[in-house]
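Chemist: Following the hints, complete the assembly by docking chain B onto the known chain A.
Just so you know, the protein sequences line up as chains A and B, in that order.
Here my numbering is used: the first residue of the first sequence is 1, the next is one more, and so on.
Here my numbering is used: the first residue of the second sequence is 1, the next is one more, and so on.
Bear in mind the hints are in silico, worked out from the structure with no lab data behind them.
Any given hint might turn out to be false.
Said to hold, decoys possible - Calculated from the model, a selection of chain B residues having no Cβ within reach of chain A, i.e. all distances over 10 Å: (1) VAL141; (2) MET234; (3) ARG301; (4) VAL302; (5) ARG320; (6) VAL337; (7) LEU375; (8) PRO392; (9) VAL409; (10) VAL447; (11) ASN503; (12) LEU616; (13) THR617; (14) GLU774.
Unchecked claim - Result set (EDC-like, lysine to aspartate or glutamate): computed pairs, CA atoms no more than 20 Å apart in a straight line: (15) LYS318/B <-> GLU189/A; (16) LYS318/A <-> ASP324/B; (17) LYS318/B <-> ASP324/A.
Glycine residues also receive a C-beta, built at the ideal position from the N, C-alpha and C atoms.
Number of protein chains: 2
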Amino acid sequence: MAGEGSDQRALQYEQTLMYGRYTQELGVYAKEEAARLRESGQRLSITERSRKLDLLQYDKGRCAKCRRSGYPYVLDAPAQDFISVCTLRCQKFLISRVGEDWIFLILLGLLMALVSWVVDFCIAICLQAQKWMYGGLDSNVFLQYLAWVTYPVVLITFSAGFTQILAPQAVGSGIPEMKTILRGVVLKEYLTFKTFVAKVIGLTCALGSGMPLGKEGPFVHIASLCAALLSKFMSLFGGIYENESRNIEMLAGACAVGVGCCFAAPIGGVLFSIEVTSTFFAVRNYWRGFFAATFSAFIFRVLAVWNRDEETITALFKTRFRLDFPFDLQELPAFAVIGIASGFGGALFVYLNRLIVQFIRNQKTINRFLMKKRLLYPALVTLLVSTLTFPPGFGQFMAGKLTQKESLVTLLDNRTWAKQGIAEEFDYIGHSLAWQHPQVNVFVTLVIFIVMKFWMSALATTIPVPCGAFMPVFVIGAAFGRLVGESMAAWFPDGINTDGIINPIVPGGYAVVGAAALSGAVTHTVSTAVIVFELTGQISHILPVMIAVILANAVAQSLQPSLYDSIIRIKKLPYLPELGWGHHEKYNIRVEDIMVRDVRYITLSCCYRDLHNVLLTGHLKTLALVESAASMILLGSIERAQLQALLSLQLGRSRRLEFIRERAAAEKKRLSIVSNSDCEDNHQRASQEVRFQISTEESSFSPTRPVLQKPLKPALKRPSVVERPTDIPIGSQDHSNNSSLKNLFCVTPDAELMEDDDDLEDDMTIREIAEWEEMQLDEQVNFNNCKIDPAPFQLVERTSLHKTHTIFSLLGLDHAYVTSIGRLIGVVSLKELRKAIEGSVTVKGVKVRPPLASFRESGTSSSENEATELHKLWDRQKSTSLPGECTLSESDEKSQ
Amino acid sequence: MAGEGSDQRALQYEQTLMYGRYTQELGVYAKEEAARLRESGQRLSITERSRKLDLLQYDKGRCAKCRRSGYPYVLDAPAQDFISVCTLRCQKFLISRVGEDWIFLILLGLLMALVSWVVDFCIAICLQAQKWMYGGLDSNVFLQYLAWVTYPVVLITFSAGFTQILAPQAVGSGIPEMKTILRGVVLKEYLTFKTFVAKVIGLTCALGSGMPLGKEGPFVHIASLCAALLSKFMSLFGGIYENESRNIEMLAGACAVGVGCCFAAPIGGVLFSIEVTSTFFAVRNYWRGFFAATFSAFIFRVLAVWNRDEETITALFKTRFRLDFPFDLQELPAFAVIGIASGFGGALFVYLNRLIVQFIRNQKTINRFLMKKRLLYPALVTLLVSTLTFPPGFGQFMAGKLTQKESLVTLLDNRTWAKQGIAEEFDYIGHSLAWQHPQVNVFVTLVIFIVMKFWMSALATTIPVPCGAFMPVFVIGAAFGRLVGESMAAWFPDGINTDGIINPIVPGGYAVVGAAALSGAVTHTVSTAVIVFELTGQISHILPVMIAVILANAVAQSLQPSLYDSIIRIKKLPYLPELGWGHHEKYNIRVEDIMVRDVRYITLSCCYRDLHNVLLTGHLKTLALVESAASMILLGSIERAQLQALLSLQLGRSRRLEFIRERAAAEKKRLSIVSNSDCEDNHQRASQEVRFQISTEESSFSPTRPVLQKPLKPALKRPSVVERPTDIPIGSQDHSNNSSLKNLFCVTPDAELMEDDDDLEDDMTIREIAEWEEMQLDEQVNFNNCKIDPAPFQLVERTSLHKTHTIFSLLGLDHAYVTSIGRLIGVVSLKELRKAIEGSVTVKGVKVRPPLASFRESGTSSSENEATELHKLWDRQKSTSLPGECTLSESDEKSQ
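Next comes chain A alone, as it looks inside the complex:
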């Protein structure tokens, strides 16, 4: 049984790898290790590591900034020199002005176009190599089979292995992760250089294998990686590349670039990325996406011209449908049928994909088997798929020898296959020949193709390599459309005649419609319509495409989540789900039903010991500051890091040294005047003096910037650079050596600072230090140096879940305090909200209200509770004005 337990753990680890599930276990593991190392005394390496951990854990969302906050200091340290200051300013001006956003966007577009083109080029070479190998061995079917099968197995296995060794985060599409990141949750490991390398190389190999995988999802991720890395690179030149929310805007733009340069579809790319990643969209950022995506698509296509692949810039999958009479009005029902069927198909695809993942996760025997060899699963899947597509084998019934791109080109062809037969007329490439089979007709081929590719794609996208599902789905949709089109063409050989003019049916048009509809259904987007127009270079079928896409969306959205949301759930990414249609009961859930009532707070009059205890117990990013435990009136919120800094400052080595100095001075004084005041007393007084000194120090400053203990550490005093309200030197002065307390908060003991104050010998024993620390902890906290957010987001307890969701989505909050007439009674974080939305709370609702309704109805949320509260206040007011606190604390106790 114990063996099974460890198996279970390994199994879970395997699962993680299998689908790159996001866990925070990594962080926990690293932390444990850090703690172990710390105890073994390797101080320097720990502190660096634990600092990183702390930053990662407490400063999510502010991490990039904080880390870079040390930067201007380094830059401005030699800035006493006037000329260098001038140069710096000029440089900064240039970078901030000229290089505002558009230089960044151009660079990003250029880079992504190059990446996209190179990847495409490599994939083409890989596919050609496979064809060449397969073609060269046509004397022996077995050898041919071996070549046909081994090649993709090797590539996929390499891709899976490479990705998992270098960066397991690169596995999969990347769109779910980007959705989460754009929501404001920082998944830092998803935007590293390692991931970039793993994703690009892994993707190239995976697609080069010829498996039914797509390039589009990973390209969204790659573009975002590019943007993040570029942003980091640009920040070396200073300027505005430091702001995190600007980075988020840039990431949104990058997503558009990803789609844009993948399909050479700038408009579709922008719309698709908006639909897929955003909840609320700021129209003023619209241009970013358009600009970058257009530039990127342009360069991408120019590269093709430059490489002599194309004569000029045209669409990627150019169609040549007739313009004058693209389709008959009476064909519209057929298009609608495609739309509805695609809707069901799309939902089925998402379901199937999830089913496969869950099946493999849940089946213990399979899992245990797969666990042993991590790369077995990809290899097996590849083997299965490539065996089935082996052209002389079953592949002959499903155009197995065509690559994905070739399939698409043939499917979008504007000639009809069914009637005139393929062999006679098709002259140009001959790819369409693959659809013909001597025994079975083209309908059977198409049906087999659709069915086989359907489950193959659903299966292949579960392989742990960088891959998307858009393109496979797109091809299946095109095949389905083609099938309907060919059927129509067979049914009405001379077209649905109107007024004697014969306008034969164009099955290629149906293929376009089908492709847009199915991919729209799987991704829950309407913009696939635009992508299809841009991909084919023809917009003549706009109305059929739009109708089919809308119908497909209507059907699919009512049956299943989108593929990306499904993956988000599978991977358990920290994402706030949408309030979909039909979540009417959400209107009846109130914040008070879901809030956490046991809020960690600090009071204005707390002492450092309380601070210490609060920091020890909770793990929230920010802590509430209340007036007093009795009144619980919310004054603001303080970041954890700030409090840590406060505490470190209080217990810091520098303060201790100061104390020692004071004590020594007092000692000297006492010796000189030979007084006999006892040590205890002196002790006390000294510490008081220190306290006093600090407070006067601060009150003499203009309190615009919290300069930390100026006289004690002039080296640390930063020149007041360009206003940067958040560059908080998190505990940068904290390096008392052995205190057990201090290990909790060991942040940034920079080596250079270590050498400071070395003239004063630290002659305190550990016991003395502990005593001193205990004494320090009993002092009252001085919040003057502390950045307090005076307006943390507040909700009242009767706020509906729906309104809460809207506010959280709109403002990108991660927590909000719940107050009742100014008194803090609870806190709601994303976690609670997610739980509530995912349906653990089930209160049946009555009323349907549109999303933003709650904002207009200011009178909505006032009912019983507020009434009662007001009643209390009212009573209190009447019964002579008592200090109030007692009444409030009573009700407070009641409410908790």
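Modeler: Structure of chain B alone, referenced to chain A:
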């Protein structure tokens, strides 16, 4: 001089008509009239009217809802009958389920398609009639001229007159108004049936005249009108058509429908409407626009097929460019030039348009002259324009005889004019002949066309008729593009040869690019690119179009506001301007710099007299409720209407009758037991009893719904229908007759209620009533019945203007309270914000931060002020815990 004064006023009125400037004077006027009528004793008609006024004034944004709030009551009144309840429920279920949004959207799409088609049809007939008249009179040039000129003058004059008589709000484009309405500001008069009729008929006549006017802007407005009216109509069937914010979502959808059915461009329509009307866009509402616009465009084009105009559904201005080689890579600089030039041109157009309006407004002589005859200005402009386009006259140099549509068709033609000459080759319609002139070549014709049309369009769009500027601008852009294209074709007669294959230049493609670029520059949108593809049915020029549009936008946005923003400024619509690029100083303005410090508030312990005074002085929609004047702790906000209801209740006839009854009973009692307690005392006690009775009454209820004085008026007690938190019976019990106070708050004295309580004779004299009222006013307000919003939006005084703007835009607020540690210190409304943004406050800024930056930096806004405040609290905490109020009030006084 007095004459000049009145002239001045008439002049201003004239100006209002001239550009349909939005003023609130109408409301003021109506109110004055109402007051006059009230005094003359026509009670019933007044109350109805004043009720409307009150609703309009105080309940903007909630008006529709409140008015309909009586509805469920009416519906449920006979609901004692079980069967009717069932039927009702089924009906409600059907309507709320099946008929959710998409039925509404389908109806809207259908309706708009019909309207669009009918309008197009009528315009075509009008234009044909003009041609016919002009053609029939070709014997006499003078008669021809008369016919050519009179026809448009008559039509435009009729349109202007009709619009101004029926609904002056129908003047102009309508997009600026829709932008304002979608922002959340209710301009009720813009969404009435009258406006709809005026807009449709006015637009048809205006466009039928052949003036360079567009259909697109007005169609956005017409679609919104349709949606509003349809929504009103649907609400007759109950269900969900009552929610105002749902209506706003529907209006946003309607805007997409407007563009969609005008150009048969669903995708472009959606994007254009989003870009033009929204600031923040909820992606979940995306489908609405797509669905409705697609359906509408579909029906619109089906109607054309049905009318045998078209064989099948195709684009409106179908182009036939070659697909294989649409353009050479080396032509791209020319496209870029078109983009940049269009950017300047677009900015110039906006500037010119504004200049003309301002010139005519400011020139007193012109104004005085025009003032005399209101229709003179449109007639004069029309005369000027049509004289210049008279085909045998100057019109021969600018293709004057072509209608706008014909011009566009010829400009987008895929043949080259310059080289092979027009006459020889053009076979199909011969419209292109108009561009040919025996003396001058086509370049001169084009240049003259562009220059003339440019100022003509800018001038024509200032005429007070329903008209848009999109289409004229589009045509000018196409002509400019054509000019560049023809020049290129002349420069490279055999195309820019690549590898020996001759691919001649297609000037039509340049025309497409130019059209998209110029219209994009004028409207500041990127989606004109999509509109252009959908209009022409070809997407082959996607990259040149995108590049040109982006460049045009970049240039135009840095020079001028968009045409719609310009009109918003001219019309002084209550719109919150965008924070554009380069408004860096906004980061340094704080809310405390712009807030109104003199907040109207009521305290929890105030008496009715205070309430009365507050209501008399201010005109804010909601009032702040604070704990006490000393502490100023904000508890919530109460709607003005609620307070009015409270006051009416207190002074209402029913209470007075109750008082009389009590007094009578007491009298009787006194008489019966022959006691000699004096009247004064009894008086006092009676009123106390009443008070007491009410409060026990309420405390015995469960306070979920504020049921008003149950025992006194059982007829008014509503059955607790489906939870509708806002159906407040605004003062519905208020009908004391003569009290002067009551006139202020005379709301809904329903006739049926008047008959109630008639058994009790109201024997109080006016003096007695006044006395009684005085007495009542001194009582303390009981807020138990009152809907209090416990979470009005709060900002802290250090919130930056930028953050404030973002919050206001995102949440659609119209005011927010400014608090400092719970204490109310000011209020900011849209007005202050607008003023601040428009630059009356000029603090130079330093730092550029992206829009949502402020949300992530929770530590940003804490600095001096908070520090000081905290310091105070800190001091207060230390100096023993006093009841606090005094300290707070001190600091309060300081801060005010």
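Chemist: So, for every hint listed, does it hold in this structure?
Modeler: Hints, one by one, checked against the model:
With a closest Cβ-Cβ approach of about 40 Å to chain A, VAL141/B is found to remain outside the 10 Å limit, as its non-interface label requires. At roughly 14 Å from the closest C-beta of chain A, the C-beta of MET234/B stays outside 10 Å, upholding its exclusion from the interface. Remark: the non-interface label on ARG301/B conflicts with the geometry, its nearest Cβ contact in chain A lying 7 Å away (cut-off 10 Å). Residue-level check failed: VAL302/B sits 7 Å from the nearest beta carbon of chain A, not beyond 10 Å.
With a cut of 10 Å on Cβ distances, ARG320/B falls inside the contact zone with chain A, its closest approach being about 6 Å. With a cut of 10 Å on Cβ distances, VAL337/B stays outside the contact zone with chain A, its closest approach being about 16 Å. Every C-beta of chain A lies more than 10 Å from that of LEU375/B, the closest at about 39 Å, which supports listing it as non-interface. Every CB of chain A is more than 10 Å from the CB of PRO392/B (nearest about 36 Å), matching its label as outside the interface.
VAL409/B, annotated as away from the interface, keeps every beta carbon of chain A farther than 10 Å; the closest lies near 15 Å. Residue-level check passed: VAL447/B sits 30 Å from the nearest beta carbon of chain A, beyond 10 Å. Against chain A, the non-interface label of ASN503/B is violated: not every CB pair exceeds 10 Å, the least being about 8 Å. For LEU616/B, the condition that its CB be more than 10 Å from all CB atoms of chain A holds, with the nearest at approximately 23 Å.
Under the 10 Å C-beta cut-off, the non-interface status given to THR617/B relative to chain A holds; the minimum distance is some 22 Å. Every CB of chain A lies more than 10 Å from the CB of GLU774/B, the least distance being 22 Å, so the non-interface label holds. For the hint linking LYS318/B to GLU189/A, the alpha-carbon distance of about 50 Å lies beyond 20 Å, and the restraint is violated. Annotation: proposed proximity of LYS318/A to ASP324/B holds, straight-line Cα distance about 8 Å (limit 20 Å).
The straight-line distance between the Cα atoms of LYS318/B and ASP324/A is roughly 9 Å, inside the 20 Å bound, and the hint therefore holds.
When each numbered hint is compared with the structure, violations occur for hints 3, 4, 5, 11 and 15.
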